[in-house]
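Fit chains C and L to the supplied structure of chain W, relying on the hints for placement.
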Amino acid sequence: MTTDAALNADVIGKRNEHLYFALRNPKVVIGLSIVLGLLLLGLIGPLFLSSSPTAYVGPKSEAPSADYWFGTTVHGRDVFVQFAHGLRSSYLVGFLGGGIAFVIGLTIGFTAGYRGGLTDEFLNMLTNVVLVLPALVVLIVISSYMEVRGVVTQGVIIGLFSWPWVARAVRAQTFTLRNRDYVDLARLTGKRSPQIVVREVMPNMASYLLMSMILLFGGAILFASMLDFIGLGPTNAVSLGTMMQQSMAWAAIHLGLWWWFVPPGLAITAIVGALYITNVGLDEVFNPKLREM
Amino acid sequence: MGRYFRRKLLIYGVTFFIAVTINFAIPRLMPGDPVARMLNRHSVSNSESAAALRTYFEDVFGFDVPLWQQYLNYWTALLQGDLGVSVFAFPSPVSSVVLDALPYTIGLLVPAILLSWIVGNGLGAMAARSKWLDNSVLPLGYLLTAVPYMWLAILLVWSGGVLLDWFPAARGYSLSMQPNLSWAFFVDLVHHWFLPFLSLFIVALGGWAIGMRNLVIYELESDYSNYLQALGAPRRLVRRYAFRNAMLPQISGLALQLGVVVGGALVTEVVFAYPGLGSLLLNAINNQDFFLLQGILLFIVIGVLLFNFLADVAFVLVDPRTRLGLEGGQS
Amino acid sequence: MALEVEDLRVHYRTLRGDVRALDGVSFGLADGEIMGLAGESGCGKTTLGKSLIRLDGRMRHVGGRAVLDGGELPIADDKAMNRRRYRDVSIIPQYSMSAMNPTRKIGKLTADLLRAKGESFRELRPELVRRLELVGLSEQVLDNYPIELSGGMKQRMVMVLSTLLDPSLLIADEVTSALDVSNQKAVAETLVRFRELGFVKSMVVVTHDLSLVYQIADSIMIMYAGRIVEKGPADTIINAPRHPYTRALIEALPEVGLEYGDRRLKSIPGKPPQLLNPPTGCRFRDRCELAHDRCIEDPPAVDLAPDHTASCWKVVD
Numbered sequence: 001m002t003t004d005a006a007l008n009a010d011v012i013g014k015r016n017e018h019l020y021f022a023l024r025n026p027k028v029v030i031g032l033s034i035v036l037g038l039l040l041l042g043l044i045g046p047l048f049l050s051s052s053p054t055a056y057v058g059p060k061s062e063a064p065s066a067d068y069w070f071g072t073t074v075h076g077r078d079v080f081v082q083f084a085h086g087l088r089s090s091y092l093v094g095f096l097g098g099g100i101a102f103v104i105g106l107t108i109g110f111t112a113g114y115r116g117g118l119t120d121e122f123l124n125m126l127t128n129v130v131l132v133l134p135a136l137v138v139l140i141v142i143s144s145y146m147e148v149r150g151v152v153t154q155g156v157i158i159g160l161f162s163w164p165w166v167a168r169a170v171r172a173q174t175f176t177l178r179n180r181d182y183v184d185l186a187r188l189t190g191k192r193s194p195q196i197v198v199r200e201v202m203p204n205m206a207s208y209l210l211m212s213m214i215l216l217f218g219g220a221i222l223f224a225s226m227l228d229f230i231g232l233g234p235t236n237a238v239s240l241g242t243m244m245q246q247s248m249a250w251a252a253i254h255l256g257l258w259w260w261f262v263p264p265g266l267a268i269t270a271i272v273g274a275l276y277i278t279n280v281g282l283d284e285v286f287n288p289k290l291r292e293m
Numbered sequence: 001m002g003r004y005f006r007r008k009l010l011i012y013g014v015t016f017f018i019a020v021t022i023n024f025a026i027p028r029l030m031p032g033d034p035v036a037r038m039l040n041r042h043s044v045s046n047s048e049s050a051a052a053l054r055t056y057f058e059d060v061f062g063f064d065v066p067l068w069q070q071y072l073n074y075w076t077a078l079l080q081g082d083l084g085v086s087v088f089a090f091p092s093p094v095s096s097v098v099l100d101a102l103p104y105t106i107g108l109l110v111p112a113i114l115l116s117w118i119v120g121n122g123l124g125a126m127a128a129r130s131k132w133l134d135n136s137v138l139p140l141g142y143l144l145t146a147v148p149y150m151w152l153a154i155l156l157v158w159s160g161g162v163l164l165d166w167f168p169a170a171r172g173y174s175l176s177m178q179p180n181l182s183w184a185f186f187v188d189l190v191h192h193w194f195l196p197f198l199s200l201f202i203v204a205l206g207g208w209a210i211g212m213r214n215l216v217i218y219e220l221e222s223d224y225s226n227y228l229q230a231l232g233a234p235r236r237l238v239r240r241y242a243f244r245n246a247m248l249p250q251i252s253g254l255a256l257q258l259g260v261v262v263g264g265a266l267v268t269e270v271v272f273a274y275p276g277l278g279s280l281l282l283n284a285i286n287n288q289d290f291f292l293l294q295g296i297l298l299f300i301v302i303g304v305l306l307f308n309f310l311a312d313v314a315f316v317l318v319d320p321r322t323r324l325g326l327e328g329g330q331s
Numbered sequence: 001m002a003l004e005v006e007d008l009r010v011h012y013r014t015l016r017g018d019v020r021a022l023d024g025v026s027f028g029l030a031d032g033e034i035m036g037l038a039g040e041s042g043c044g045k046t047t048l049g050k051s052l053i054r055l056d057g058r059m060r061h062v063g064g065r066a067v068l069d070g071g072e073l074p075i076a077d078d079k080a081m082n083r084r085r086y087r088d089v090s091i092i093p094q095y096s097m098s099a100m101n102p103t104r105k106i107g108k109l110t111a112d113l114l115r116a117k118g119e120s121f122r123e124l125r126p127e128l129v130r131r132l133e134l135v136g137l138s139e140q141v142l143d144n145y146p147i148e149l150s151g152g153m154k155q156r157m158v159m160v161l162s163t164l165l166d167p168s169l170l171i172a173d174e175v176t177s178a179l180d181v182s183n184q185k186a187v188a189e190t191l192v193r194f195r196e197l198g199f200v201k202s203m204v205v206v207t208h209d210l211s212l213v214y215q216i217a218d219s220i221m222i223m224y225a226g227r228i229v230e231k232g233p234a235d236t237i238i239n240a241p242r243h244p245y246t247r248a249l250i251e252a253l254p255e256v257g258l259e260y261g262d263r264r265l266k267s268i269p270g271k272p273p274q275l276l277n278p279p280t281g282c283r284f285r286d287r288c289e290l291a292h293d294r295c296i297e298d299p300p301a302v303d304l305a306p307d308h309t310a311s312c313w314k315v316v317d
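Chains as they are written, first to last, in this note's numbering: chain W, 1 to 293; chain C, 1 to 331; chain L, 1 to 317.
Just so you know, the hints here were simulated from the structure itself, not pulled from any lab data. Mixed in with the good hints there might be a few duds.
The list that follows gives simulated cross-link-like pairs (lysine to any residue, SDA-like), each with its CA atoms no further than 20 Å apart [said to hold, decoys possible]: (1) L:Lys108 - L:Asp143; (2) L:Lys108 - C:Asp223; (3) L:Lys108 - C:Arg239; (4) L:Lys314 - L:Gly281; (5) L:Lys105 - C:Thr55; (6) L:Lys117 - C:Arg240; (7) L:Lys117 - C:Val238.
Some residues of chain W that are not near chain C, with every Cβ distance over 12 Å (derived) [stated by the list, open to error]: (8) Gly37; (9) Ala63; (10) Gly99; (11) Ile196.
A virtual CB, placed ideally from N, CA and C, is assigned to each residue, including glycine.
For reference, chain W alone in the conformation it holds in the complex (with noise of 0.2 Å):
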């Protein structure tokens, strides 16, 4: 019971340590902050912005102004309102592709690094396989064959084919964590397999495992985007690819609407670089020997 405590309170201070850490480090803070404040203007935006992404709403091919501050597409819709929505769906899919991406990869990896032996063998070479079948163009024929596009599938079929490297990865501390001590000890008290991954196995990898699904929520983006830009977006909803996508279809680039373009590439190359940058400030903050430097 008292070691119990004692472990209990030394796991809280290491936790509070990062935090603390984490807080100063500039990289973490600079790069959370974007992510959070392009959020944060995805999930409120809409909700104080009165027109439809694909409302008509005033003159066309207008330059930013204090009234339409992106200015107006071809066809005079807000581009605005179509960025802060567009903001929305990138988030969903961020969370719902890299999420599910994270889930399926932790439990094969998980799975194949405890277990070993046949069942190592098989995850490993479907593992494998995943990795080296080319993704995207995997899910543009699926996406193809689907008339009616969501945000939510797109999110799930791209979850669905890019987890291996995580997979592969948590495969491999596995493999090293199994044999600690304190996993034998608790296999010797009976603890079931499950039971002793959740407890003993992923508190020691946590923070690698975080950091591996802020990469995944970054990838699940720029692979949306690309599949959006490509005319197999959402049907229902407006992305920021799709944004590009259209503007390309309707000749923005010869026509000047630089304002159509720019903002949700940049958009997305902000979420995904400052997910990065934040990535490495987290890895300063759970190494010390990087942090003491």
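For chains C and L alone, kept in the frame of chain W given last:
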């Protein structure tokens, strides 16, 4: 070494098998009738060939025989090189339509991949050497890997093709030209090739630079580097070893990143209306040309697998650990 | 004296401040002397070993000096130190298993290193082969990659490589900790043989295994919390230690402790002080059974015999 290659080949075989099975299964699993959709789209524009198409499609899909028979027939046709007939380029077979577009994509991809790999590795290794360079290479590298391929392509078309008008904004060669072996055509080709190439090159560069930087730093902290330094070996020798060893994971990374870069090439081609697989893919999607779509997927999968195999061979040639079949073999 | 160390101070830099890993260390090492350097982990023994050949990134030379064969070692100056490394001071690292570049053949690696030090591999090759045979390795290994060698072979290869230029001082850093018992003994005997054959003049054997070092060392030096507590001939330290810490350490040993008959093994209660802000006076006093008022002041290093010193107020009396 034998085990290493057997394993790799097995993986590639299974991958190919799965890719073909996906191709076979998706049209049959998705709700709706693909034949009707294809005809629907097509009969509007070309009523003459509609009848021929209908019989052809019904024959190819062969919905009247049991599923396993359809599957076997599918493989038989595939192994005979029959990928079906393109709908939007009717009556050209899919394989010839794809083969026409393939050189453009390869011409774009291979130089972009190899050059970004070489330059990125160089930059990364230099960044690992100097604090000053590191502070500029690292953020820039992360920024570049975060840029969506098509967005950089759009920016390049807009700046280099429209605003400055230094390069053509679209197509693989001028409309006024016919493909031939003349010098003038070659110059025209390169002129059109440059911007899409540059776009792919720049986006891919960042990832390699960051990867190399991290790997070199890791190697410089490794035991053998420490030992050499303790024995007073000059920085130069230690760096040379670290650089060489850091190259190894980058070679297998080359194969792993290929899928992503191929995706990047497809959307980049779409932006530049470059006559490669990307533009073909867009046409196939817009025309609901499912045979063409499947054909493109199959060609890309084969290309990726071939390239992976080449990378494996290169890896074995440079890494004694894999060659000796002891530890370090990455499966 | 081959090596003379005076009041050496080396600190570790951390965010919270300097950790005084070496806090005023002085000792001498005679020509041909093999000295065992022992203590609990964190006592500064590895730091001392590293200070004599190469400070790692976070270590800072704060004061004191080390003189080898009449010339001062430029501890703080990495570049100047490079000229002394390998030729004058060499090391057999703790990580012998991974000390050689895994992707380079051992012969090529040796040639690269020698060329970089301005030596000719071709001229040294016969001597290298002779020494390899001495430790039971064939010339063949030069054509192997490190992974083709067993752990014991790698260890011997590194020993030969490290001493090829006949250094005056060799630092052996926990060389036996990764090996099984039979290999440990072989390695220890090889170290002695290297000294007898003149491959190295004197040696500092950093270890936590007192019983092993007892078999090969002429003298043993015990460190505690960044300072030296006792140095003397190996026999004296093991059989008649004077410092309370050394005594406690010896009593904690099973092998050597056998001489005490049926007395139970004792572990030392408590922890060493942290070295960020070390307490004044004797650093062992919180754990010492004999501690008294005087221990609040720094104890002097008392010469008990010409080659036996201990830093404790108790031995003064």
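Each hint, compared with the structure:
no.	hint	verdict
1	L:Lys108 - L:Asp143	holds, 8 Å
2	L:Lys108 - C:Asp223	holds, 18 Å
3	L:Lys108 - C:Arg239	holds, 16 Å
4	L:Lys314 - L:Gly281	holds, 13 Å
5	L:Lys105 - C:Thr55	violated, 66 Å
6	L:Lys117 - C:Arg240	holds, 16 Å
7	L:Lys117 - C:Val238	holds, 13 Å
8	Gly37	holds, 16 Å
9	Ala63	holds, 15 Å
10	Gly99	holds, 20 Å
11	Ile196	holds, 26 Å
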